[in-house]
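S.K.: Now for the letters of each chain:
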Amino acid sequence: MPDWGRTTLELMVQELQHPVRLDESFDRRVMVRVRRIYAERRHRGIIGWLGAATNISRRPAWAAALAAGVVAVVSVAIFHRTPQQGPVGQAIPVQFVLVAPDAHSVAVVGDFNNWGLNDTALVAENHNGVWSVSAPVHTGVHRYAFLVNGKQWVADPTAPRAADDDFGQPSSALVVEASTQ
Amino acid sequence: MQGPTGMESSDAALVARVLHGEVNAYSALVSRYRDKYARYAVHMLGNREDAEEALQDAFTRAYRSLARCEDPERFGAWLFRILVNRCRTSGARRVRRGQTFVHDETALLNASEEHPAEQTMWREEIERALGELSADQREAFLLKYVEELGYDEMAEITGVGVSALKMRVMRACDRLRVLLREVHSA
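Line by line, the protein sequences give chains U and P.
Under this note's numbering, the first residue of the first sequence carries the number 1, and numbering increases by one thereafter.
Under this note's numbering, the first residue of the second sequence carries the number 1001, and numbering increases by one thereafter.
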């Protein structure tokens, strides 16, 4: 502590350190929100879909060259229209691509696969340094990132950064619309 | 929260249960950090209503992104980082609305009953002085002295460099010295 007004500062800090107590209604209000989110996720079928996530379709090497365009087209839509919120229930195949010649492994994690929990990350295939993977993603607004070498989170350089990005890891925004099918 | 063995569940254990679909386990984390972090939000935002809203939002955001919590054993620190960011947003919004910094009436009512009038005046002076600080200085001062974090922890939470944080704390102290001088000498 500074040597000025030491007593004043100590008294002030002592006062400010008094606990602020919230009643249990606060917990209930939070849990109402949390259960609503949980119900929405179940409604989208994400949890059920995750079980099949490891059986993703694998595309041949030539598909990687086209894939960058797929993600770019889908992602660029966020600049031109109001994002469509909420589940529509339709899953659209989306191909994710990352150019990373030095990587040993690349996976895709996002809110559509519970951020890779329980081995649900989408494992990309390496095509001479161009990593790609395709997976069905429900229509709506999503956040995702690439997980390089199993530990490094990398935002998609071809997509807009997600606005809600204060959780310590970079992520990108993805808009999947039925019209892009 | 008591586990099967009677031991309190760790943050990591509770996070794992939530991530495996046991949504009600999250309420234990809410109860664990509710009051601890309410204090920071109330002092940072200056009123209980905004503080509760910010804290609710932080808990909700944390739940949405729980799978991205890299170290579930340090869930509390991760949640706090989200709350600090949320308070910044809320504070900025309040400034745009032109709202004045007001004291926490409930906290005043809960003040010591030994000398209620003096205690209330003292708390009012403290809250007024905090409100006079810039948001950056108030944040740094609260994290350093009220939450008793080290500068490295503060840097991790705020994303601000250690030297800049030290400067903010020093300036906050200088400002508080001026603002509270009359109270101190009275």
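Please keep in mind that the hints were generated in silico from the structure rather than gathered at the bench.
Be aware that a few hints might be false.
Unchecked claim - One side only, chain U facing chain P, incomplete, derived with CB under 10 Å:
id: 1; residue: Met12
id: 2; residue: Arg29
id: 3; residue: Gln169
id: 4; residue: Glu177
Unchecked claim - Far from chain U by the CB rule (all over 12 Å, computed), these chain P residues:
id: 5; residue: Ala1041
id: 6; residue: Thr1060
id: 7; residue: Glu1073
id: 8; residue: Glu1127
id: 9; residue: Ala1135
id: 10; residue: Asp1152
Note that beta-carbon positions come from the ideal geometry of N, C-alpha and C, so glycine has one too.
S.K.: For every hint, state whether the structure bears it out.
M.R.: Cross-check of the supplied hints:
| no. | hint | result |
| --- | --- | --- |
| 1 | Met12 | 5 Å, holds |
| 2 | Arg29 | 6 Å, holds |
| 3 | Gln169 | 6 Å, holds |
| 4 | Glu177 | 22 Å, violated |
| 5 | Ala1041 | 8 Å, violated |
| 6 | Thr1060 | 5 Å, violated |
| 7 | Glu1073 | 15 Å, holds |
| 8 | Glu1127 | 9 Å, violated |
| 9 | Ala1135 | 16 Å, holds |
| 10 | Asp1152 | 16 Å, holds |
In the structure shown, a violation is registered for the earlier hints numbered 4, 5, 6, 8, in ascending order.
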